[in-house]
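Just so you know, the protein sequences line up as chains A and B, in that order.
If you read the first sequence in our numbering, its first letter stands for residue 1, the second for the next number, and so on.
If you read the second sequence in our numbering, its first letter stands for residue 1, the second for the next number, and so on.
One should not assume that every hint holds.
One copy or two, either will do: identical chains are not told apart, so a pair holds if it fits within one copy or between any two.
Said to hold, decoys possible - Taking lysine-lysine and the DSBU-like style, the derived pairs with C-alpha atoms no more than 35 Å apart in a straight line are:
hint, residue 1, residue 2
1, K288, K377
2, K304, K66
3, K62, K240
4, K63, K98
5, K241, K377
6, K304, K288
7, K419, K429
8, K31, K240
9, K239, K419
10, K288, K241
11, K412, K66
12, K240, K377
13, K429, K288
14, K63, K241
For the record, the hints were derived by calculation from the structure and aren't laboratory data.
Each chain is listed here by its residues.
There are 2 protein chains.
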Amino acid sequence: MKDRRLMLSRMETLWHPRRVAMVGATNSMSKWGFIIFTRMLGEQFTGEIFPVNPRDEYVVGKKAYKSIADVPGAIDVAVVVTPAATVPGVLRELAQKKVPAAIVITSGFSETGPEGAAVEREMVEFARKAGMVLVGPNTMGTYSAGVRLNCLMAPVSPLAGRAACIAQSGNVGTHMLFRGRLRGLGFGKFVSSGNEGDLSLEDYLWYFGQDDETSAVLGYLEGLDPDSDFMRIAPEVTKKKPVILYKGGRTAAGASAAASHTGALAGDAAVFRSAMRQAGVIVAESNKEVVELARAMELSPVPKGPRVGILTRGGGWGVITSDACVEAGLEVPRLSDDTMAKLDKLLPAYWSRGNPVDMVAVLSNQAYLDCLDLVVKDPNVDAVIGLGANIDAQTNTTLETLRDQGAMDADKLRAIEEKSQTEGDEFVKALRDYLTNSPKPILSVGRWRETPDWESGLMMIGEPEDAARMMAKMAEYGRYLAGSSGKEDRPPRRQER
Amino acid sequence: MKDRRLMLSRMETLWHPRRVAMVGATNSMSKWGFIIFTRMLGEQFTGEIFPVNPRDEYVVGKKAYKSIADVPGAIDVAVVVTPAATVPGVLRELAQKKVPAAIVITSGFSETGPEGAAVEREMVEFARKAGMVLVGPNTMGTYSAGVRLNCLMAPVSPLAGRAACIAQSGNVGTHMLFRGRLRGLGFGKFVSSGNEGDLSLEDYLWYFGQDDETSAVLGYLEGLDPDSDFMRIAPEVTKKKPVILYKGGRTAAGASAAASHTGALAGDAAVFRSAMRQAGVIVAESNKEVVELARAMELSPVPKGPRVGILTRGGGWGVITSDACVEAGLEVPRLSDDTMAKLDKLLPAYWSRGNPVDMVAVLSNQAYLDCLDLVVKDPNVDAVIGLGANIDAQTNTTLETLRDQGAMDADKLRAIEEKSQTEGDEFVKALRDYLTNSPKPILSVGRWRETPDWESGLMMIGEPEDAARMMAKMAEYGRYLAGSSGKEDRPPRRQER
């Protein structure tokens, strides 16, 4: 088991540096030393950045230094992109400068075979003796929202927020950042863990678990070290905040592909799943699900049980959602007599009279909110999936035709258009307010006008099947929390924002 | 078993009318008689449209007629939106006018209970005696690309093409049209079958099966009539073109929801699945999958076997895709020695040396195409999943930073920007040409710049898991075709476009 007593202060520095050096920063546009350095500048790191380059006087307009030693003052973090053969020497220079943390982007170490592994082992031993933590080598970089440090290889500008992400594949991980931006999920910290020569997945998990800036931990993993203390750390974290992982290398073919690019040993899929369940870790079925689940759990409390109320504007969608809920292990209960009586008053005589609540052709936004409220408040219901809160495209195409046909004068058209726009905006706001304050989780399925999720503050899930699977996982986490706390009311009702 | 001898000519008229009347067209903006009429005008039906309204002289700028009888000349199709109680009378007027087909949007018949069912039965009997076919009642309308007839309740303007869609839920069905537009799938014909009082799912399937304008049949179904001859018709169609169905009502909860909105009886999910497999029908897992599969099969031939070659720019994505392929029942074979030797020459020494082919950090578009070609031509490979053909966003963010930092002059920046744009466009074109002419199916996973699928002529699938499931279904259909034709080379290698 690792002794992590020294690690905490190094980690703090790694995620909150004020002075960062890039060893290998360059003006040569095809090199990572240019691409990443430019990204660090572009994302407006709040501290100071020092390019280290023995030849150029300036790198992308910034005064460059011939060596680490030449940089005036202390360095908190060094980003290293020089060729593999030079890295051990760079680390010695960093140690002399007493740099506490290095992010080694450079590849060509343990992932290439025994020879590279030997070099990597020596580097790590040296770094540990020098009291320096290493990210990587062979990492695709890190991101830290608090200081706006973005030293990622991938061209992504994450939305700032409170999720932390650990990725054993940089490509898969940075894709979570892309997706997060689209879905409204903000990240506080991200690390591509690379070869994990020094810092490993469980080290980051341990740190994010106690990090007050982090509300949920996301991850993509392919393998754990046989001596890993992951199973000791994970339950400590999952009691405090959701941990959502996607696992690659579940099959022999996947494991063999994983071995070729990280050297990680993939375990048996069923064993992994059962261990994760025991540790309260939420296991996602795709990269997409990781991100959407994290965002859903940021917006919603966990359900207190498996009973889902379904609200829809179209019968078929109610059918599909019912099927998906049951197939995901949820229940679609009868609504209480009281709810039914109230819905009878709100909806036309021919409504579905059951759960799913099919509003049939009732298009009013207010009716949607009223029905939603009744379903949410039903004592038989633990969670709600609401479909089709997206009707307003209707008016726009109709108005275009009226304009083309010359069938309505321009002022009247404009007035209708503005009214429709205002009503749409008001509905977004009302729905968001309702969802934000709801004591029960609500997942919304549908398209949302032109407004992206991050702007509307809502998340519209594309498929009812996805929403059902997500709700089932949220309910399972709810059960885990209830079991582990031994209380009826679990502490992390909803994450702080 | 139905006698369909008369149906063929009626169906031809239904899908290719020249003169369409709308009974109940109105200037009252909240009514379907306004919304649908406006849509018919807006979508520029190639024939003539006659609004029938006893009070208004003009409807949305078009001269209106007091009754069907008043419309000069013959009517091919009548769209009926008047209240339920008036519909039997309207049908009598249509019969007098010898209208061969009516689309009854109006609801309030068999879906409301025994009383409505009795009225519907009488209407259908009357129509059949009069030699008139009925769509619906309680249909959300039809779309026919050939004559640009769009009489849909939903605000969707489908992409014109060669797919036909039958939907037992109008909401679910019209969503396929929305999705089709986004994914580049064009539709020739669409019908929301409604209560199926007269024309039923198997009638449309029978017609689309022999319709030369139709290259694939898509559908959402909830239930079949116990006397249905679906299982006799389906295999006749699936031998000629793909039939892709999504089934609602797989669980008791779903079936009960289906009963409440269509009265259809949902069967046992496992029985259904096995019957469909036997009939060569492709069963999709979601509405999304129906559309993406249809588009994939429009762009690609079916695989001759289950062996998938995987090309990726990021190791983790190769792992995920391998897992997903194996879990979907596909194989991830070794590549031939010849392919390996050729890849060795193309890629850096540290490439993954196996399947998946991980190009590691090789960003060149030409290298991507060259590697793709090698994997496609490998004799061990029946089909290919290519990931990450979408690198060019990189340059744009970098250039922005250079501009902000004043680190490069404006002319040079513009030149680089233009070069990047041109290279991107050329890559799209080259990739599309390659995919279009490939003798083996290739599914592409990734984001695609800003260009939507319908414009690029490519389909970028969002998730590798989706691509693997789709490929597995395509392979299963390939096996079915090979078995049913008894030949090694199956006839519908790729759909015509």
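Going down the list of hints, with the structure as the test:
1. K288 with K377: Classified as both; 30 Å inside a copy, 32 Å across copies.
2. K304 with K66: neither (60 Å within a copy, 59 Å between copies)
3. K62 with K240: neither (43 Å within a copy, 66 Å between copies)
4. K63 with K98: within (22 Å within a copy, 87 Å between copies)
5. K241 with K377: within (26 Å within a copy, 49 Å between copies)
6. K304 with K288: Both: 25 Å inside a chain and 30 Å across chains, each within 35 Å.
7. K419 with K429: Classified as within; 15 Å inside a copy, 43 Å across copies.
8. K31 with K240: The answer is neither: 41 Å in one copy and 53 Å across copies each exceed 35 Å.
9. K239 with K419: neither (47 Å within a copy, 52 Å between copies)
10. K288 with K241: Both: 20 Å inside a chain and 32 Å across chains, each within 35 Å.
11. K412 with K66: For K412 and K66, the Cα distance is within 35 Å only across copies (28 Å; inside one copy 69 Å).
12. K240 with K377: within (27 Å within a copy, 52 Å between copies)
13. K429 with K288: Answer is both; intra-copy 26 Å and inter-copy 28 Å each pass.
14. K63 with K241: neither (43 Å within a copy, 66 Å between copies)
The structure shown violates the earlier hints numbered 2, 3, 8, 9, 14.
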